[in-house]
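Use the sequences and the hints to build the structure in full.
Chain by chain, the residues:
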Amino acid sequence: MMTSTSAGWLDSLTFLTEKLERSLNCVKPVAVRPTACADGLSRALSMLMGDELVIEVRAFLAEHDPDVLAAIEDVDRSLIQSELRRSPLERLVASVQQARFYERLAASRKSAQGGSR
Amino acid sequence: MLIEGNVEFIVVGGAAAVLSGVPVVTKDLDIVHKRSSENVERLLSVLSKLDAHFRPDFAQRKLRPRASDLTGHGHLNFDTTFGPLDVLCEVSGSRGFDELVPHTVELSDFDMKLRVLDLPMLIKVKAEANRPKDRMALPILMATLDERQKLGQG
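Protein chains in written order, with my numbering: chain A, 1 to 117; chain B, 1 to 154.
No lab work stands behind these hints: they were computed from the structure.
Built from N, CA and C at the ideal position, the CB exists for glycine as well.
Hints are not guaranteed to be accurate.
[What the hints assert, rightly or not] Below, a list of computed lysine to aspartate or glutamate pairs in the EDC-like style, where the Cα atoms sit at most 16 Å apart:
(1) B/133 to A/65
(2) B/133 to A/67
(3) B/150 to A/51
(4) B/150 to A/67
(5) B/113 to B/128
[To be verified] Label-pair restraints from in silico Cβ distances:
(6) A/98 to B/36: 32 to 38 Å
(7) B/62 to A/78: 43 to 49 Å
(8) B/151 to A/58: 15 to 21 Å
(9) A/63 to B/150: 25 to 31 Å
(10) B/74 to A/79: 30 to 36 Å
(11) A/56 to B/41: 20 to 26 Å
(12) A/52 to B/41: 34 to 40 Å
Shown next as structure tokens:
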């Protein structure tokens, strides 16, 4: 259950996301920099390392935890696909909003329980 | 405040998952910091401004972190004026900031740079932790990675 202090982080995240949103609105196209090639190479290497890690994890799960491996196929992908259509910033905002909703829900349930006693 | 304080850190845990597109909700912030003496000093300064103290605080003593805590190997759980903050010296055995950096992505769409643990390493860390809550999270993390790869997002 949410604590009252967690609202502080949520406020902080809301502030951050608003700030990021403002900065995103200011983004302008830039010319390709030489460092962009290095960035691309670094990203490609990172993806290769990532593939290796996931192959390792899949092999580990196949041996030790096949139920978890099987569960991957059962995951409803539609929610993931809609998340991936959002930017990291939008994901953060959505997560904050959901957390706020759960916080309000938990608070209202708590007060309802208190009232019924 | 961590960024403004020039603290070198990596966002891990639930917030890293959210930023990577995993449809989960998180209420706290987990970070792995660089354990150099300069960075630990900067982090201590920010923690002080955040009124960070260890949780749970059974004796109501508001015990504050010391530099030696932040240069160790443990997981430090704090309550702060902004809410729960978990400062992890290492994750999954002996992986500290330097070992994790090659497995991070830098989100720089913003006017500040945020270093976030990438999804493959997040999955590996969760698999190695092997706690019930980590096992529960693995299918959705791996399904998200599948979907990201289909979109060419790695």
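Q: Would you list, in rising numerical order, the hints stated earlier that this structure does not obey?
A: 4, 5 and 11
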